[in-house]
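Colleague: Residue numbers (this note's numbering), protein chains in the order written: chain A, 1 to 379; chain X, 1 to 176.
Please note that the accuracy of each hint is not assured.
[To be verified] Covered, in the sense of this in silico footprint (three residues per stretch, anywhere, with C-beta under 8 angstroms from a C-beta of chain X), are these stretches of chain A:
#1 117-128
#2 134-142
#3 181-195
Read the hints as simulated data drawn from the structure, not as lab findings.
All C-beta atoms, glycine included, are put in the ideal place defined by N, C-alpha and C.
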Amino acid sequence: MDFWDVLFVAARVVLAFVIPLVAVIFLVWGERKINADMTNRIGPNRAGPWGILQTVADGLKLFFKEQVTPRKVEFLLYAAAPILALIPAFMTFLVIPWGEGFTWEIGGKVREFAFVGADLNIGVLFFLAMSSVAVYAIVLAGWSSGSKYPLLGGIRGTAQAISYEAAMGLAIVAVILFASTTSTDGGTLSFVELVERQRGTWDEVVSLPGGLSWFENVLGLIPRWNILPQFIAFVIFMIAAVAETNRAPFDLVEAEQELVGGFHTEYSGFRFAMFFLAEYTNMFNMSAIAVVLFFGGWDGPTFDQWLPGIIVTFLPLFWFLLKTAAVLFVYIWIRATWPRLRYDQLMNLGWKRLIPAALVWLIASTVVVSVRQFGWPWA
Amino acid sequence: MIELILFIIVAAVAIFGALTVVFARNPVYGAMGLMMTLFSLAVFYVVHLAHLVAAVQVIVYAGAVMTLFLFVIMMIGVDRDEDNTEKLPMQRQFVGALGLVIVLVAGIAAVGGRFDWVRPAASTVEANGTVQEVGKLLFTEWILPFEATSLLLIIAAAGAIALAYFGPRRRDREDA
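One chain only, chain X, in its complex shape (with noise of 0.2 angstroms):
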């Protein structure tokens, strides 16, 4: 019941910060919106017992990303007059389409009663997101993928380091 009560209020939250990434008119209330579904995904994370996930969530997303992202939208300044004319030819009513045939099938599902198409995980386990297991199996079952993501992320911040200084217009930056 608890966890009902509090899927809820926090899934508001979640639907709420991500409205408000979409239409706000402010890039800066946009971060806020983005920061506030972060948050409620990781209340999402304590509930099912992954609490590593969550920590990690809040440090790496809501800490380090969205604290970049803040710095760059400052950075840059907030144009509050931007253009709004419509430059798409046709995504727009695309996507209206593809929405609602998704609501269409979604609606069909609720009302026939098929929601057991979507059924819970196979295996009978308990969930179990301890940092100690998650840490087993990141280094035993996983290496490979672990250490292949950080070699690309380093890759990543190498290339980012070298577009930035070896680029073709380094001249001019020093002359600046």
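The shape of chain A in the complex, shown without the other chains (with noise of 0.2 angstroms):
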């Protein structure tokens, strides 16, 4: 551990909480102006070039505005809420690879540098730990701002994040389960690990009988995602998250004809920025961690052979990001098409629909790894 390991491991702390932001400012803007396209309507065009520099504008204006406090908030939790809103929403993106990483020499040692935050053993674990925990922020904001309407909000959301997060869980065992299979080295927990395992082509781990082996030339030109194997896993996994980042058509949080503001109704200026901040940080890790359990994470075309070396180093990056940016595409063109679900559909959908589907295709998915590692019972 000298020097260069602790800038190293700084660089990437740092690294792990820029992207989201800065994936933020575009993000929303994108919202807005895909929304606005979508409702034939032009959306923000003043600030910067196709008004891409609105949330700077936007963020810089709420930074400056007076912050009402209402006089019957328990001041210590309203406070906290909005911090406690930020930090798990940032703290997910730490676990979460974006790249290949590099090797330099520098210092007299060859060293590695992870396009990672931090590559857990139990990475999945703590993304599930950690939006587990994402919902305090919601029940105290509403509870602490002593007004119904985001107390309302607050226990919907309570409701709402306990029914999806088990729905959410079962689809991540499906894949975790299903990736087991794909290595030597049994199963793991980590997304870096779980990345690699889906590099390469299905032709590497399907073998067909003799009259069918023509068709692994077409396999061969199929990525080794999860997303092909697991697919009604990716179906009940993005359905929870849209639901836990209680986004349209799952915002009964939020619900502004029926909540006024929802959970948030009480906070203004920079407060309210923290809770904005927090959702939209939320939806990234969101879609980045279906980019990585279904989509390959950073596996794309590397071109190594025609490109230089720098850009070679960080395509797998601007792979990871068009992947995320085409998944966070469907959560917005979601929100702009569907009407809001009313509250006993939600619950409905979330218990009777969503954890029984993920329970039969979590057996389902245990017959096929049994079967592939132990062969048929009667054989």
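These two chains come separately, so use the hints to put the complex back together.
Modeller: Here you go:
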């Protein structure tokens, strides 16, 4: 552990903080633009070219606005809630790998710079822990505001988060189970390792009987991402992810027509900005995790024969961000086109559709994995 | 050294949280204090390389159990003017005396340098709390207790549903 090692770790952590922050700036702008296009409006177009600086302008405005504190709030928790919203949001991205990393000879040693904040061996569990802690911000904000609408929003938020976390966890378990068969090392819960196991193409793992061997050429063109074998898990994960981040059509926590602003009704100025930032960071995190679990993370064409080294090094980061942007587009698309669910519909979907579907899919995955590992029981 | 500093900080937080649970007038602050203690325990587990236990601690206790506590507190509503008159006959004095005895015993042990009563575990196997190791143990050596526990939880859940749905007051609820 010398100076350079410390510097590398510090750089990784700072990058893991800055990437979601910058991504959110573009995400908020992109959401407003795409929403505007889908509803036949123009959207922000004043601040900077195509209005791209709109988010920065909004952020600055909120920063300088007065923070109104209503008389009936429980001040300690009222002030703590926005902070509690931001911490899990930024902690989550810490375990998500965003590139392959590179080696660099400096300070007399060849050092490795991994493109991940921290490669935890329990990365997936860490993510689940953070997403389950994130609900505290909503609950506490709702309760401490000392007002009716925020309290209703907070209670809805609790029930919703508990319901959809279970489905999300079950969908992820199916993916982890499948990933444990793709390597001789057994199972893993590290996001970095999960990405590594999705590299390459399908013909490396699938061996077909003689008559069908021509099909292996086709398989040789398809990347070995989990999306193909685990498509149902992906659908369940995505629905649960939209619900977890309280986005439309699951935004009952802040349903404008019913609850004014929901849990953040009594918040203004920078405290509101923190909630806003946390929500969009969570969206970015969820998309990044969908990419890591199902779309091979930073895996993509490398072009290492044609492009100079520096571009080859950063190309995985580009693929990762491109895929994440694609998933985020789906997020925004869903928001722009689907009406909000009623509360009982939300609960029905969560408990009576998603969780049973996830359980059945998990059992089916288990059967397939066991047969591949141990053979048919009667054979 | 780092471990000691970390321990002192986190232990202080854990004790502060525990005291909050007992002394906070408002149950929501009490719940937050309990959550603080649970988080500190998770940090201790990480320090002892029990990563899985730490993650499960946060997911289950901080994530699910405490959220439900908060949910219940908020649903029932926080009544700040609680009745604080003493209703217990002797318990307070008894607990006080017991605490004094424990402090005395601990003090004698500390003064007498007899802390070697408390020894590290006899096995010399290095602690290994990785998911793989815990999983192997759970599904081989401890499979029966593990499954029995899951059965117990199912029975508890089914029992709760049965009590809520088929209790004697069912008619009242439907009328309401």
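Colleague: Confirm or reject each hint.
Modeller: Do the hints match the structure? See the list:
Interface restraint, the region 117-128 of chain A with chain X: holds (6 residues with C-beta to C-beta distance below 8 angstroms; minimum three). Chain X is given as covering the region 134-142 of chain A, and this holds because 5 residues of the stretch bring a CB closer than 8 angstroms to a CB of that chain, at least three being needed. Residues of the region 181-195 of chain A with a Cβ under 8 angstroms from some Cβ of chain X number 3, which satisfies the need for three, so the listed coverage holds.
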